[in-house]
Structures are given as structure tokens and as C-alpha cells.
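Enquirer: Model the full structure from these sequences, guided by the hints.
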Amino acid sequence: MAKTRIGLWIALAIAIGVGLVWQFYPLPDAAQRFRDLPLYGKNYIGRNLPLVDFEKEYFRNINVLKRLYQVGDQHLFITALDGTTNRHAVHDPLYCFRGAGWELLSEKRVPMPHGDAMLLELKHEDKIQQALYWFSNGQNEYASPLRYWLEATWRRLTLGHSGPEPVLIMVQPLDKQNLDWTALIQGFPELLKL
Amino acid sequence: MANFWIEIAVIAYCTWQASDLPTAWYGTPSMRWGWLAMLIWCLPILIYFIRRRPLGSNPLLLGMAILSSFLGSIGSLHILQHLGLAFALAALLPLSWPMLIWVPSAASWMSAFGWFARFYPLAIVIVLQIGIALLGTCLMLIDQRQRKV
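Just so you know, the protein sequences line up as chains A and B, in that order.
Our numbering applies: residue 4 is where the first sequence begins, and numbers increase by one.
Our numbering applies: residue 914 is where the second sequence begins, and numbers increase by one.
Simulated from the structure, these hints should not be mistaken for lab results.
Source: prediction; values computed, not measured.
Glycine residues also receive a C-beta, built at the ideal position from the N, C-alpha and C atoms.
Accuracy of the hints is not assured; some may be wrong.
Unchecked claim - Examples of chain B residues toward chain A, derived with CB under 10 Å:
(1) G976
(2) L984
(3) F1032
(4) D1056
Expert: Shown next, in the form of C-alpha cells:
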């Protein structure tokens, strides 16, 4: 029993020490992928938007992409979140929408070139709107927050050797209720490289 | 009494790792009563100590607590950190079969519960939370009464 307790003390000391040191390892982030997303192309043009005060506070430790784009005849609000330095700032978008008072009317998985995304139909007071989101590591797109958490956790456990950081991308139409996601992907294929 | 120090140290470490819990309870409508679920869940421990029973030594649960909290810390996954705290607290009691229900029922106070129950109305989530905590706790209390511990 004494040996067991000594072993537990050693395990605890290692857990505390390694845990403290681990967080200082500089994991490569997705900032370059955000910078590489063009502001204009053949079928689209966009501009950066500044963060508002509560966003600056909430996202202070993470890379955020917040832009307005016109893709074809769609005006879209596109955000991307890179949780490399604060994984907890990236939530399940549906959870966030509901927390913000939106009611989910429907959700549908839609196919993407290398996976899938989730198309939501939401209602808030009298406003009905669609939103599209997916998680991406620059190579695959997927809609599962569970997969995101597992992938992000495994990346941290392997000090980044498992692959690039998955990021959350959200697209919302500004002036229409419905989002033509096929036209978005055809007109703005660079978005999939995020 | 000197042998109690490792239990205190592990609980302190796991509590530190799970220190986001109050923020999660306060900031998430579906987890607003998570603190009550945790209080209910801890009743077997409180009653055990009120009865001044000899402390059970549970190196397996303590080891699982350290491992779970450590992996949750470096992997940045709250559910592992919360699970570590559950294991650390459970290690204060002697092993018993109802623990197989009671320890998992700790999920009722973890922030992940709110996500798993996200499609249910708020009232249902709260009922489920308290109900699950009560189920595990009642089984433990009945077992403690039967074994007179």
C-alpha cells in the first residue's frame, strides 16, 4: 500500500509538471490559412469586418476570420474560428444558436467535395434564416462537433503531429432567407481550403 | 490521518482542472441546475463522512482521476477533466457495486450533459439531470444502509 501511494504521488507530480509545460508548446495554428483566403476572385468579392467589443473579449486568444462576401448574387456573412490557442472558444454552432435564442426549424446534412456540412433553418422572433457550417482541416469538411472535439484533442495529445488544426466555418446569408450552398461552393471553391 | 494526504492532493488537482464548472453552470441555461445535481451526487460522500466511517483506500480510482484530468488538461477536453473530478471524489468511498451506476451518474453535473441533451426542452433537461443524480445517489445510500457503512 505504501508503494502504491508513493506511485500515486509520483503520477500526480508528473501530471502537474507535464501539464504545465505542455501548454507552452507552440502548436501551429491556422492563421496562414485564414490569411490565404482571397478577398476577391472570378465570382466573388469580399471585405474584412472588425470585431465588435464582446467578440474582441470572447475571442481574444483565437484567430478569427470575419468577412462579408458577395458570391454571385448572394451576400454572405462568413466567419471562421481557429481554436488552436483556446479550443473551448469553438462550440457546436447549433448549441450557440439555441443559446442566443434561435429556434431550430430544420437541419440537413449537405454534401461537400470532401465530406459534408450542416444546413440549418433557424427562427428568431419573426425572422427565419438559414446558416451553413462545417469543420475543416483544410482537406476534409465535416459537420460533426464530436469529430471536431476528438480531432482537436488528439492533435493536442500528439503536439500537432496528427495534422492541421480543424477550424469552424459558418456562412449566413445577409439579405435572403435561403442560402444557395451549391452556388457558394461552385463560385467560391477557395473557401474549402480554409 | 497522514494517509489522507494523497486523496486531498488528487481532489485538489482534479478540482483545479474542473474549475470551469461554475462558469458552465452559470453561463448555460440547460446547466443552470448543475450545481444541485452535483450536490445530490455528493450526498453519499457527505453522509459517509458524517457517520465517521473509516476512509476507504481506492488507488484505482485515484489513478483514474489523475489520468483522466491529465489527459483532459493536455488535450483540452473538459469532459475528461470533469470525469477526473468524479473519480477523485468517488475514491473517498470503499468500492461497491452501486458505484457502477453512481460514478456514471456524475454526468448529470458535467457541462457535456447540456450538449447531449440539447434537443430536449429545458424543463426535461433539468428533470433528467436531477433524476439521474438521484438515481445514482439513492442506489449508493441504499447500499450503504444495507452494509451499515
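Enquirer: Taking the hints in turn, state whether each one holds.
Expert: These are the hints, each one checked on the structure:
1. A hinted interface residue such as B:G976 counts as satisfied when its beta carbon comes closer than 10 Å to some beta carbon of chain A; here the least separation is about 6 Å, so the hint holds.
2. The interface hint given for B:L984 is met, as the beta carbon of that residue sits about 7 Å from the closest beta carbon of chain A, less than 10 Å.
3. Taking 10 Å as the C-beta contact cut-off toward chain A, the hint placing B:F1032 at the interface holds, the least distance being around 8 Å.
4. A cut of 10 Å between beta carbons decides the hint on B:D1056: the least distance to chain A is about 24 Å, and the hint is violated.
Of the numbered hints listed earlier, the single one contradicted by the structure is hint 4.
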